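Engineer: These are the residues of each chain, in order.
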Amino acid sequence: RKEVEQDPGPFNVPEGATVAFNCTYSNSASQSFFWYRQDCRKEPKLLMSVYSSGNEDGRFTAQLNRASQYISLLIRDSKLSDSATYLCVVNIRYSSASKIIFGSGTRLSIRP
Amino acid sequence: EAGVAQSPRYKIIEKRQSVAFWCNPISGHATLYWYQQILGQGPKLLIQFQNNGVVDDSQLPKDRFSAERLKGVDSTLKIQPAKLEDSAVYLCASSFQVSEAFFGQGTRLTVV
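Protein chains in written order, with the numbering used here: chain A, 313 to 424; chain B, -9 to 102.
Bound-form chain A, shown alone (with noise of 0.2 Å):
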């Protein structure tokens, strides 16, 4: 099984339309949680940290369900500008240091 694993899509929605992501992650010692977001023939940048609490920035929501071992990612409003892929990204912590594991992304389009 896939330490972080994320429905690929695509999803194509239409400008304005809400579009929500998941992510699931395996290993219970994954302490911090973010949502990268990566434009075509670029690198990733980080979107947001995703905390326990549940999380917002503008348009973007994010919530972490740590029983569940689930991460979201809700897009209101959404923008062509939003078009990308929207990768799910969890830190796991061993004994001496941490390792930073990436889902394979779920790409978006959006569409005038």
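Keep in mind that the hints were calculated from the coordinates and are not lab data. As the structure is a computational prediction, the values presented were derived from the model and not from experiment. Misleading hints may appear alongside valid ones.
[Stated by the list, open to error] If you want the footprint, here are the derived chain B segments under chain A, 3+ residues with CB under 8 Å: (1) 9 to 15; (2) 63 to 71.
[Claimed, not checked] Restricting the straight-line Cα-Cα distance to at most 30 Å, the calculated cross-link-like pairs of lysine-lysine (DSSO-like) are: (3) B:73 with A:391; (4) B:73 with B:52; (5) B:34 with B:52; (6) B:73 with A:314; (7) B:52 with B:5; (8) B:1 with B:34; (9) A:391 with B:61; (10) B:5 with B:34; (11) A:411 with B:34; (12) A:357 with B:73; (13) B:61 with A:354; (14) B:34 with A:357; (15) B:61 with A:357; (16) A:357 with A:411; (17) B:1 with B:73; (18) B:52 with A:391; (19) B:61 with A:411; (20) A:314 with B:61; (21) A:391 with B:1; (22) B:68 with A:354; (23) B:68 with B:5; (24) A:314 with B:68; (25) B:34 with A:314; (26) A:391 with B:68; (27) B:1 with A:357; (28) A:357 with B:68; (29) B:5 with A:354; (30) A:391 with B:5; (31) A:411 with B:1; (32) A:314 with B:52; (33) A:411 with A:314; (34) B:52 with A:357.
Note that the Cβ used here is the ideal one computed from N, Cα and C, for glycine as well.
Given the coordinates of chain A, assemble chain B onto it according to the supplied hints.
Structural biologist: Frame of chain A, contents of chain B only:
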């Protein structure tokens, strides 16, 4: 603040040749990662350094790939000999303790 620097940006080599990539992380970041990203997939961790020590290299194909971070700052990743399936983007990232990773622009390798 200067970001993660990588070079070269692009490289085309013939199979069985060797190639080396260079990375200079963000100043003060003890953790350095090399990821391989094949088109359409998420980044796959090849090797992780904590200062100049290897934390995880379980997914590094050690028969052909090697990496070093001798002084605990910049790092090189080498492939010798290259295979067609090594064609990918090689991303270097760095992080400070248990926090998000910051990526360089990557090196796009094409093996022909």
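Engineer: Work down the list of hints and note, for each, if the structure agrees.
Structural biologist: Evaluation of the provided hints:
no.: 1; hint: 9 to 15; verdict: violated (count 0)
no.: 2; hint: 63 to 71; verdict: violated (count 0)
no.: 3; hint: B:73 with A:391; verdict: violated, 40 Å
no.: 4; hint: B:73 with B:52; verdict: holds, 13 Å
no.: 5; hint: B:34 with B:52; verdict: holds, 15 Å
no.: 6; hint: B:73 with A:314; verdict: holds, 25 Å
no.: 7; hint: B:52 with B:5; verdict: holds, 17 Å
no.: 8; hint: B:1 with B:34; verdict: holds, 20 Å
no.: 9; hint: A:391 with B:61; verdict: violated, 45 Å
no.: 10; hint: B:5 with B:34; verdict: holds, 22 Å
no.: 11; hint: A:411 with B:34; verdict: holds, 12 Å
no.: 12; hint: A:357 with B:73; verdict: holds, 29 Å
no.: 13; hint: B:61 with A:354; verdict: holds, 29 Å
no.: 14; hint: B:34 with A:357; verdict: holds, 16 Å
no.: 15; hint: B:61 with A:357; verdict: holds, 27 Å
no.: 16; hint: A:357 with A:411; verdict: holds, 17 Å
no.: 17; hint: B:1 with B:73; verdict: holds, 14 Å
no.: 18; hint: B:52 with A:391; verdict: violated, 44 Å
no.: 19; hint: B:61 with A:411; verdict: holds, 21 Å
no.: 20; hint: A:314 with B:61; verdict: violated, 33 Å
no.: 21; hint: A:391 with B:1; verdict: violated, 35 Å
no.: 22; hint: B:68 with A:354; verdict: holds, 22 Å
no.: 23; hint: B:68 with B:5; verdict: holds, 14 Å
no.: 24; hint: A:314 with B:68; verdict: holds, 27 Å
no.: 25; hint: B:34 with A:314; verdict: holds, 11 Å
no.: 26; hint: A:391 with B:68; verdict: violated, 41 Å
no.: 27; hint: B:1 with A:357; verdict: holds, 23 Å
no.: 28; hint: A:357 with B:68; verdict: holds, 25 Å
no.: 29; hint: B:5 with A:354; verdict: holds, 25 Å
no.: 30; hint: A:391 with B:5; verdict: violated, 42 Å
no.: 31; hint: A:411 with B:1; verdict: holds, 28 Å
no.: 32; hint: A:314 with B:52; verdict: holds, 22 Å
no.: 33; hint: A:411 with A:314; verdict: holds, 14 Å
no.: 34; hint: B:52 with A:357; verdict: holds, 29 Å
Of the hints listed earlier, those the structure fails to meet are numbers 1, 2, 3, 9, 18, 20, 21, 26, 30, in rising order.
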